[in-house]
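Peer 1: Sequence:
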Amino acid sequence: MVFVCFDRRGTTTSLAPQIRHRRYIIGETVKYPGQIILCKPKHRLGARWGAELAVARSNCPLIASAEPPPRAAGEASTADSMSQQPCPSKRGDGSRAAPTNGNLHQQLCLAIEKAANWDRLQFASSHDQASASRLPSAMTQTSFVPTTSEPGTGLVTFLGTGTSVGVPTIGCNCSVCQGGHPKNQRTRCAITVRLPAGTLLIDTPPDLRTQLLRERIGLIHAVVFTHEHADHIFGLDDLRLFPFRLEHAVPLFCTEVVEEVIRRAYAYAFSEREDTHPGATPKLQFQRIDPQPFEVLQTQLTPIPMKHGPHFEVFGFRIGDFAYCTDGNGFSDESIDRLRGVQTLVLGALREEPHPTHMSVDQAIEIAQQVGAPRTLLTHTSHKLDYDETMQRLPAGIEMAFDGQQVEISL
Numbered sequence: 001m002v003f004v005c006f007d008r009r010g011t012t013t014s015l016a017p018q019i020r021h022r023r024y025i026i027g028e029t030v031k032y033p034g035q036i037i038l039c040k041p042k043h044r045l046g047a048r049w050g051a052e053l054a055v056a057r058s059n060c061p062l063i064a065s066a067e068p069p070p071r072a073a074g075e076a077s078t079a080d081s082m083s084q085q086p087c088p089s090k091r092g093d094g095s096r097a098a099p100t101n102g103n104l105h106q107q108l109c110l111a112i113e114k115a116a117n118w119d120r121l122q123f124a125s126s127h128d129q130a131s132a133s134r135l136p137s138a139m140t141q142t143s144f145v146p147t148t149s150e151p152g153t154g155l156v157t158f159l160g161t162g163t164s165v166g167v168p169t170i171g172c173n174c175s176v177c178q179g180g181h182p183k184n185q186r187t188r189c190a191i192t193v194r195l196p197a198g199t200l201l202i203d204t205p206p207d208l209r210t211q212l213l214r215e216r217i218g219l220i221h222a223v224v225f226t227h228e229h230a231d232h233i234f235g236l237d238d239l240r241l242f243p244f245r246l247e248h249a250v251p252l253f254c255t256e257v258v259e260e261v262i263r264r265a266y267a268y269a270f271s272e273r274e275d276t277h278p279g280a281t282p283k284l285q286f287q288r289i290d291p292q293p294f295e296v297l298q299t300q301l302t303p304i305p306m307k308h309g310p311h312f313e314v315f316g317f318r319i320g321d322f323a324y325c326t327d328g329n330g331f332s333d334e335s336i337d338r339l340r341g342v343q344t345l346v347l348g349a350l351r352e353e354p355h356p357t358h359m360s361v362d363q364a365i366e367i368a369q370q371v372g373a374p375r376t377l378l379t380h381t382s383h384k385l386d387y388d389e390t391m392q393r394l395p396a397g398i399e400m401a402f403d404g405q406q407v408e409i410s411l
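Letter 295 of the sequence shown, counting from 1, is numbered 295 in the UniProt record's numbering, and no numbers are missing.
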């Protein structure tokens, strides 16, 4: 049997024996919190559909699995051991309540209690573990992470560390793209910074939805943009749910150039036409920035101007003892001065060879040595850089960043 438990109240270990059980009908909608569904193996697709439905709800559901215990020789069948009990339901107590089975219910409760302590929950019966591997990992998360940090501290999460085309690169048969090393799997560049007043996002890459699900980040309070290129803005629509949950527009901190590009690319989001329904378009509010320090979520950010080839200027940002500087290949003396004293420096390093708009690994090492940060992480790295091989060549204090990496910072 596959048991799927939907409990929006979070009371995962307080199920009473009289909670009603009933068989799952494919395509059926879950009608109320705490409903338990029993599904035969032949209905695995239906159970999977139900799990997807539950995950889409506002609070994370609990999805657990269990098998009925083997029956000893001479033991009565499951049907013989089932007893009709009065139990509460949406329609009240009485004959419409489905029969319950004490053994199965006890095992379900044990499975739920065990699953409540897992970092990742299973969604599979013991006879079909393969079905679990086909589900997105976000479906098996217990909860979303906190959205705020302790006073004076922050937590940086690397959502993506790859180039504009990501790694693996489409159509490439190189060893990095085909090798399957987890730290060579790089989505487009972005980070979140968990601050005492909320979660800050730097850039909205096209991979944003899957990145946030992977890291279990359920809310974004503000966004800062480094520049206007497609790999840094074309996930903007994935912010749509956050204004709806926050009940106010999400502030976007960017330069005038970035604002103009976003307004053209996402004209529907800034139309004066009234939405057909709540959440139809993302509610966003621009906040113009320049090279001067500014405040986001009660935290000061200091822009770090950089050249991005001959035609573009981009911003890095310093937040406390941390600085994030991707996509640049030219730093002025003033920008270097703004970086002095950071404990963790993030720099873009596209590949070993020079590039007209991005720094190479050697150029990034040179900037890191000028700044003097104890720790430097390289991001925006292409499939030309294998994680293990590059790490062996880098000097002490400099390392490759990877998707999902976290860094604690002081504000």
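Do not rely on the hints blindly, as some may be mistaken.
Here are the computed lysine-lysine pairs in the DSSO-like style, where the Cα-Cα straight-line distance is at most 30 angstroms [what the hints assert, rightly or not]: (1) K307 - K183; (2) K183 - K384; (3) K307 - K384.
Ranges of calculated distance between the beta carbons of each label pair, as one might list FRET restraints [to be verified]: (4) R375 - E352: 35 to 41 angstroms; (5) D333 - P146: 21 to 27 angstroms; (6) K183 - T276: 22 to 28 angstroms; (7) H355 - T147: 35 to 41 angstroms; (8) A230 - R340: 41 to 47 angstroms; (9) E274 - D321: 27 to 33 angstroms; (10) E247 - Q287: 14 to 20 angstroms; (11) G341 - E247: 23 to 29 angstroms; (12) Q285 - F144: 21 to 27 angstroms; (13) T276 - E389: 48 to 54 angstroms; (14) Q300 - F144: 25 to 31 angstroms; (15) G279 - V257: 26 to 32 angstroms; (16) R340 - E274: 47 to 53 angstroms.
Keep in mind the hints are simulated off the structure, nothing from the lab.
Note that beta-carbon positions come from the ideal geometry of N, C-alpha and C, so glycine has one too.
Peer 1: Given the hint of 35 to 41 angstroms, check if H355 and T147 actually sit that far apart at their C-beta atoms.
Peer 2: With a Cβ separation near 37 angstroms, H355 and T147 satisfy 35 to 41 angstroms, so the hint holds.
Peer 1: Starting from the hint 48 to 54 angstroms, judge whether the C-beta atoms of T276 and E389 obey it.
Peer 2: holds, 53 angstroms
Peer 1: Just to be careful, I want the Cα atoms of K307 and K183 compared with a cutoff of 30 angstroms; is the pair within it?
Peer 2: Given that 30 angstroms is the threshold and the Cα spacing comes to 28 angstroms, the pair holds.
Peer 1: Taking the Cβ atom of G279 and the Cβ atom of V257, is their distance within the range 26 to 32 angstroms?
Peer 2: holds, 29 angstroms
Peer 1: CB of Q285 to CB of F144, is that within 21 to 27 angstroms?
Peer 2: holds, 24 angstroms
Peer 1: So does R375 sit 35 to 41 angstroms from E352, Cβ to Cβ?
Peer 2: violated, 21 angstroms
Peer 1: Do R340 and E274 keep their Cβ atoms within the hinted range of 47 to 53 angstroms?
Peer 2: Given about 50 angstroms between the Cβ atoms, the range holds.
Peer 1: Below or equal to 30 angstroms on CA atoms is what counts here, so check K307 against K384.
Peer 2: holds, 23 angstroms
Peer 1: Lying within 41 to 47 angstroms: is that true of the beta-carbon distance A230 to R340?
Peer 2: violated, 33 angstroms
Peer 1: Please test the hint of 27 to 33 angstroms on the beta carbon pair from E274 and D321.
Peer 2: violated, 46 angstroms
Peer 1: Honestly, do G341 and E247 meet the 23 to 29 angstroms range at C-beta?
Peer 2: violated, 38 angstroms
Peer 1: Hint check: K183 vs K384, CA-CA at most 30 angstroms. Holds or violated?
Peer 2: Measuring from Cα to Cα gives roughly 13 angstroms; hence the hint holds.
When held up to the earlier numbered hints, the structure conflicts with 4, 5, 6, 8, 9, 11 and fits the remainder.
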